[in-house]
Structures are given as structure tokens and as C-alpha cells.
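Turn these sequences into a full structure, and let the hints steer you where they fit.
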Amino acid sequence: MDGEEEESPEPDDLVGWRRVIADGGLTRCTPESVVAAIQTIGPLGDKRVMNALMKHISDVILRKLRRVIGRNHPNEGRDIIERAHGGLIEAVLQPETADGKALLVAFMARVHHRANDSIRAERLHGKRQPYGEDETAFLRSVDDSHEAMEAHVRREQLLRRIEDPRKRLAFRLHMEGLTKGSKKGLSIADVVGRSAKTVGEWIAEIEEQLKELVGDDQ
Amino acid sequence: MTDQLNAAQRDEVLFAFHQECPRPTADDILQWTKRHPELADEIIEHAALRLDSAAMEGEPEEEIEEVLLARGHSRALNALYNAQRAAEAKGAEGESATFDSLMASAGKSVPLLARELDVGRDVLSDLVSGRMLKPIGKRLAAAVMGAVHASETAFQSAVDYALANQRLGMAKANRQPTVVARPYEEIVRRSSMSDERIAYWLGED
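These protein sequence lines are chains A and B, in that order.
So in the working numbering, spot 123 of the first sequence is number 123, and the numbers just go up one at a time.
So in the working numbering, spot 27 of the second sequence is number 27, and the numbers just go up one at a time.
None of these hints come from the bench; they were simulated from the model.
Among the hints, a few may not be true.
Unchecked claim - In the BS3-like style, the derived pairs of lysine-lysine whose C-alpha atoms are separated by at most 27 Å in a straight line are:
#1 Lys197/A x Lys184/A
#2 Lys101/A x Lys90/B
#3 Lys55/A x Lys90/B
#4 Lys108/B x Lys138/B
#5 Lys184/A x Lys90/B
#6 Lys197/A x Lys34/B
#7 Lys197/A x Lys183/A
#8 Lys197/A x Lys211/A
#9 Lys101/A x Lys47/A
#10 Lys138/B x Lys183/A
#11 Lys55/A x Lys101/A
#12 Lys90/B x Lys134/B
#13 Lys90/B x Lys47/A
#14 Lys134/B x Lys108/B
To be verified - Covered, in the sense of this in silico footprint (three residues per stretch, anywhere, with C-beta under 8 Å from a C-beta of chain B), are these stretches of chain A:
#15 64 to 73
#16 81 to 87
#17 109 to 119
#18 156 to 166
#19 191 to 204
Stated by the list, open to error - Counterexamples of contact, computed for chain A against chain B with all Cβ distances above 10 Å:
#20 Pro9
#21 Glu10
#22 Pro11
#23 Leu14
#24 Ala22
#25 Thr27
#26 Thr30
#27 Glu32
#28 Ala36
#29 Met50
#30 Lys183
#31 Lys184
#32 Glu207
#33 Lys211
#34 Glu212
For glycine and all other residues, C-beta sits at the position ideal for the given N, C-alpha and C.
As C-alpha cells, this is what we get:
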């Protein structure tokens, strides 16, 4: 959310919120201030104001979820998004719950956190499908033909196909230069809780796949 | 219950990790998994997801499908509607509660309740007829609330209603019937209960 931030009305300033809504200024208010207004005015408060605030906060939640939850999931991640959204939109109205409290002070962080929770739940209980839908869409979105950017794009494309979060983490740490395994000092094996041998196998596997990907391009 | 507690604790730890380490380093991950070994799997996965997100920064924002926004609105207004219904029900329960309605819902009569609670019928009768001044003795209030499954709000509401609509005693020959509300203690002491029961109902919790 760029642009100057509107000074949000006090949570109980109904007139102020009516004005902001009429001016189309909700996008310039912090989501925390909108949640505060929703929780203060309450479900029995001014219907028009509450409807507008709820619809706006719903949009904010969804845009964040869409940003965090990639399309490399069944149904392009829409199921995960809707599940996470369902819980969050109810929590907005429940100041006594943990989510309700957290959205009041750290809105984006909480939405992001719940998104990650939902992704993990999907991975554990659902079936993740291979990234088949529209691989090229991802590549199309990157205009820059700079070599480094291309390499980044290729790597990310590949990493997103890897289901196991430990493997992805291991490879990222490898890219940062961390040793695979070591008797002294920090190693990837330590961090991901696997043997140096396993980590080595993972890295080799991914590097092999990367080579094939480059090969495909040429 | 332990499941709920554990879920809440797990959530707190993971959210704290999320906020403190927006871009977790190897060190961060190791520290946190050492601190919370029972959540190692979760921490590692959340770290991986955070780094996935970080790698996506700088990419053009995904266009969000209209259908998601529309369904989101629908869900939002639905949640609001449900919250409205819940709030109204909560309010109504308090506002319209009378001893008549509370006792009828519980299927109790004054004589029955008096026997059940082992309290004088005269005491109970005074309570429900608005002849007992506030504050109502804690033990009696608690006992009645329990027996008719009333919330504190509903009970207080019923007491207020009764006091405002006192039932008249028997009319005397040539005078208007009068009602005198008396304090709890006085009513209990003057009742026909045994000394032991009187002492009980006058006791604090």
C-alpha cells in the first residue's frame, strides 16, 4: 500500500469513517485502524459503515493471501486462500480471540502467518499437484532479460516445484554458501536436521534438475 | 483441553518466530529449533515458506481473480450477519429474562425449586415476587442461577424486573394492598427455615 497514509479516524468516530468511505479513502488507512473500527463499532453498529469496512478488510486480506500463496497448488491455491480467508474474516469480528487481537496490532504479519499455516496444512493433508497450469505465465511476468534475473527465475521456477520444504530450505542455504555438513561450525545439516549425506544428495539432485532446465531452454 | 492449550502455545511460538525473523538465517532457524525442539518441523517449514516469499519480492503483484474478491465479500457479510445474530441473542437473553420465563424454561415451580435447593419457600417466593431488595445473597443467587440455567445477566435482569413489577400481597379489607421489599438478610432470618439452614444461606462463599 503506497501513497500517503490517510489519518484514520478514531475507532469510534462514526462520522469520520462515513467520510473516509464516501471519499474512497479506505485504501489509505492502515488495516489495523480498520479492524479497530470494526471491533469498536461492533456488529450491531451502523450497518452501512460496517458493511463497507468488512468488504474492504476482506479485499486487503485476499490480496495479501494471493501474494503469499503461489499458484503451485491444486486449483491454483484458491482453496488454501479461501480457507485462510474464512478464518481471518471471522476473527476480525472477534476481539477476544488470538487472531482478533493480533489483527489489531500486526495485521499483515498475522495474515501472512495464517497463509503459511494453511499452506502447511494443505501439504500435510491434501495432495499437491505438479506445477502444470501455466508455467510460462511466471516467466512472462519477468520482462528483464538480464542474465542474473534469468538464473533467478529459473531457480525459483524449479524450487516452487519441490514439495519438501526442508529440501527447498537446504538449497537456499546452499546458495548462500553454507556448508552441507561440518563437524565444527554451522552447517545445512544442522539447520534442517538431516545428515550431511542426505543434504548432499538433495543438492546434487536439484542441481541436476537445474541443468536439465537450462538444457530445455536451449 | 490440552490440545487447545498446545495449539495456542504452538501458534504463539510460530507467530513470534514469524515476526522476529522476517528473513530467517541459518542461525535463526537453529536457535529457534533448539529453543523449541518439539516444534522443529513446523519452524523449519515456516522458515522455508518465509524465504520462498522473500524470493518472490520484486516480482510483479499477482492479479487477484474477481471471483475471489466477490466470494470474499459474500463471506465477510455473512460473518457480519452471524455476529449480529449472536449479539442480538445475547442482548435479548438478558433483557427479556423474568423469573417466570427462567423457571418455565427450566420446568421448575417455586415449591419444586425450594425443595431442590433446600431453601424456605417464603424466601424464594419473596425473591421471585420482587419483595427481596438487592443485593441478593450470593449463595442464593448462585443456587438459583444453577438450577434454572440462567446467566448472571439474565438473573440480574429477572431480579430488576421483579422489583419493578412487584406482585401484590393479599389485599386488606379497606386499604390498598401494599408491598414492602425487605433486605435479603432480614427475609432469611425471619423465614421458617431451621437455624442451620438460615446460617447456611447467610454465609458467604
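Verification of the supplied hints:
1. Using a Cα cut-off of 27 Å, the hinted pair Lys197/A and Lys184/A holds, with the two alpha carbons roughly 16 Å apart.
2. Restraint check: the Cα-Cα separation between Lys101/A and Lys90/B comes to about 22 Å, which is no more than 27 Å; the hinted pair holds.
3. Between the alpha carbons of Lys55/A and Lys90/B the distance comes to roughly 25 Å, so the proposed pair stays at or under 27 Å and holds.
4. Restraint check for Lys108/B and Lys138/B: satisfied, since their Cα atoms lie roughly 21 Å apart, inside the 27 Å limit.
5. Restraint check for Lys184/A and Lys90/B: the C-alpha separation of about 63 Å exceeds 27 Å, so the hint is violated.
6. Restraint check for Lys197/A and Lys34/B: the C-alpha separation of about 22 Å stays at or below 27 Å, so the hint holds.
7. Of the supplied pair hints, the one linking Lys197/A and Lys183/A holds, its CA atoms being roughly 13 Å apart against a limit of 27 Å.
8. For the given pair, Lys197/A sits about 21 Å from Lys211/A by alpha-carbon distance, which is consistent with the 27 Å threshold.
9. Simply put, Lys101/A and Lys47/A have alpha-carbon atoms about 23 Å apart, close enough for the 27 Å limit, and the pair holds.
10. Under the criterion of a C-alpha separation no larger than 27 Å, the hint pairing Lys138/B with Lys183/A is inconsistent with the structure, at around 68 Å.
11. With a C-alpha separation of about 19 Å, the suggested pair Lys55/A and Lys101/A falls inside the 27 Å cut-off, and the hint holds.
12. Proposed proximity of Lys90/B and Lys134/B is supported: the alpha carbons are some 23 Å apart, at most 27 Å.
13. Straight-line distance between C-alpha atoms of Lys90/B and Lys47/A comes to about 19 Å, which keeps the hinted pair within the 27 Å bound.
14. Distance hint between Lys134/B and Lys108/B is fulfilled; the C-alpha atoms sit about 23 Å from each other, no more than 27 Å.
15. Figure legend: the region 64 to 73 of chain A, annotated as covered by chain B; annotation consistent (5 residues with Cβ-Cβ distances under 8 Å, at least 3 required).
16. Look at the region 81 to 87 of chain A against chain B: 4 of its residues bring a Cβ nearer than 8 Å to a Cβ of that chain, three or more, so the hint holds.
17. For the region 109 to 119 of chain A, the stated coverage by chain B is satisfied: 7 residues place a CB nearer than 8 Å to a CB of that chain, which reaches the threshold of 3.
18. Coverage of the region 156 to 166 of chain A by chain B holds in this model, with 5 residues showing a Cβ closer than 8 Å to a Cβ of that chain against a need of three.
19. Proximity of the region 191 to 204 of chain A to chain B, defined as three or more residues with a beta carbon under 8 Å from a beta carbon of that chain, is established by the 3 residues found.
20. The beta carbon of Pro9/A sits about 20 Å from the closest Cβ of chain B, which is more than 10 Å, so the claim that it is off the interface holds.
21. Annotated as non-interface, Glu10/A keeps its C-beta farther than 10 Å from every C-beta of chain B; the closest such distance is 21 Å.
22. Against chain B, the non-interface label of Pro11/A holds: every CB pair exceeds 10 Å, the least being about 17 Å.
23. Every Cβ of chain B is farther than 10 Å from the Cβ of Leu14/A; the closest lies at roughly 16 Å, confirming the non-interface assignment.
24. Interface exclusion of Ala22/A from chain B stands, the closest Cβ pair being 19 Å apart, more than 10 Å.
25. Every CB of chain B lies more than 10 Å from the CB of Thr27/A, the least distance being 14 Å, so the non-interface label holds.
26. With a least CB separation of 17 Å from chain B, Thr30/A remains clear of the 10 Å interface cut-off, as annotated.
27. Separation of Glu32/A from chain B is adequate, the least Cβ-Cβ distance of about 14 Å exceeding the 10 Å criterion.
28. Under the 10 Å C-beta cut-off, the non-interface status given to Ala36/A relative to chain B holds; the minimum distance is some 16 Å.
29. Under the 10 Å C-beta cut-off, the non-interface status given to Met50/A relative to chain B is violated; the minimum distance is some 6 Å.
30. For Lys183/A, the condition that its CB be more than 10 Å from all CB atoms of chain B holds, with the nearest at approximately 16 Å.
31. Even its closest Cβ contact with chain B, about 14 Å, leaves Lys184/A beyond 10 Å, as expected for a residue assigned away from the interface.
32. The Cβ of Glu207/A lies farther than 10 Å from every Cβ of chain B, with a closest approach of about 17 Å, so its non-interface assignment holds.
33. Annotated as non-interface, Lys211/A keeps its C-beta farther than 10 Å from every C-beta of chain B; the closest such distance is 20 Å.
34. Glu212/A, annotated as away from the interface, keeps every beta carbon of chain B farther than 10 Å; the closest lies near 21 Å.
Of the numbered hints stated above, those contradicted by the structure are hints 5, 10 and 29, listed in ascending order.
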